[in-house]
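Each residue of the sequence shown is one higher than the last, beginning at 1 in the working numbering.
A few of these clues could be false.
[To be verified] Derived Cβ-Cβ restraints for the label pairs, each shown as a range: (1) Ala7 x Gly176: 22 to 30 Å; (2) Ala130 x Gly88: 30 to 38 Å; (3) Thr117 x Asp35: 28 to 36 Å; (4) Arg25 x Val127: 26 to 34 Å; (5) Gly39 x Asp12: 23 to 31 Å; (6) Glu27 x Ala86: 16 to 24 Å; (7) Leu172 x Ser32: 39 to 47 Å; (8) Ala130 x Gly39: 46 to 54 Å; (9) Lys36 x Thr8: 32 to 40 Å; (10) Glu16 x Gly176: 23 to 31 Å; (11) Ala149 x Thr44: 38 to 46 Å; (12) Ala163 x Ala86: 34 to 42 Å.
[Claimed, not checked] Under the rule of at most 20 Å between Cα atoms (straight-line distance), these lysine to any residue pairs were calculated in the SDA-like manner: (13) Lys28 x Phe66; (14) Lys36 x Lys89; (15) Lys28 x Glu59; (16) Lys28 x Lys89; (17) Lys89 x Val150; (18) Lys28 x Leu11.
These are computed hints drawn from the structure, not numbers from a lab.
Just so it is clear, CB atoms sit at the ideal spot from N, CA and C, and this is done for glycine as well.
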Amino acid sequence: MVGPEVATARLDPEGEELAFVASVRDEKTLRSLIDKRLGEGSHTERVGDAEMRVSRDAERGAASVFENRVILGSEDAVRRCLEARATGKTLASTDAFKNPLGFATQGGSQSPIVSLTDDREQARRFVSLAAPRRAATPDAPDAATLARAVATLPFSVSVTRIATDGVERKTLSPFGQFAVIALQLAPDAEAGR
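Based on the sequences and whatever the hints tell you, model everything.
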């Protein structure tokens, strides 16, 4: 049914809205399973050049099969993925996503598990927390300048490999664990600004 390429995408900051994307091996069997999952009364919608099947029961979500790929998730998650694909605004088209992938394939071997995370909001909060309250110079960056700088940051990438002596996990991120610890230790009012 599905092939070895599997990805999940968190489409909201809380990680509540997930989309599951996989390569397709047996489309006929997969479509049959999707029909059973979505249940009677499901309907088809067109999003860009792809079809999306939507269950009448919101808990069962939606699915789309196209170009040897399948997307599963809530109706909104699948729609957002298909709309991004239709407009060419997918993660794969952004440098923030592409640049960390080099780290994941270092040494020429593919990693079994690669996780990419958009940490830009965390980075913005960390810089706001770490920046002095009063500008040291008259031309200190304002909020708009900070927002532009944070928007250029790459995604953090974690690579998990099965090694002979256990599981190895490496993470590369703009601010790393230092930002996570600083934000958790900061008073709520300061960490949220």
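Taking the hints in turn, this is what the structure says about them:
no.	hint	verdict
1	Ala7 x Gly176: 22 to 30 Å	holds (23 Å)
2	Ala130 x Gly88: 30 to 38 Å	holds (36 Å)
3	Thr117 x Asp35: 28 to 36 Å	holds (33 Å)
4	Arg25 x Val127: 26 to 34 Å	violated (45 Å)
5	Gly39 x Asp12: 23 to 31 Å	holds (25 Å)
6	Glu27 x Ala86: 16 to 24 Å	holds (21 Å)
7	Leu172 x Ser32: 39 to 47 Å	holds (41 Å)
8	Ala130 x Gly39: 46 to 54 Å	holds (51 Å)
9	Lys36 x Thr8: 32 to 40 Å	violated (22 Å)
10	Glu16 x Gly176: 23 to 31 Å	holds (25 Å)
11	Ala149 x Thr44: 38 to 46 Å	holds (43 Å)
12	Ala163 x Ala86: 34 to 42 Å	holds (41 Å)
13	Lys28 x Phe66	holds (12 Å)
14	Lys36 x Lys89	violated (31 Å)
15	Lys28 x Glu59	violated (24 Å)
16	Lys28 x Lys89	violated (29 Å)
17	Lys89 x Val150	holds (19 Å)
18	Lys28 x Leu11	violated (28 Å)
Hint compliance for this structure: hints 4, 9, 14, 15, 16 and 18 are broken, all remaining hints hold.
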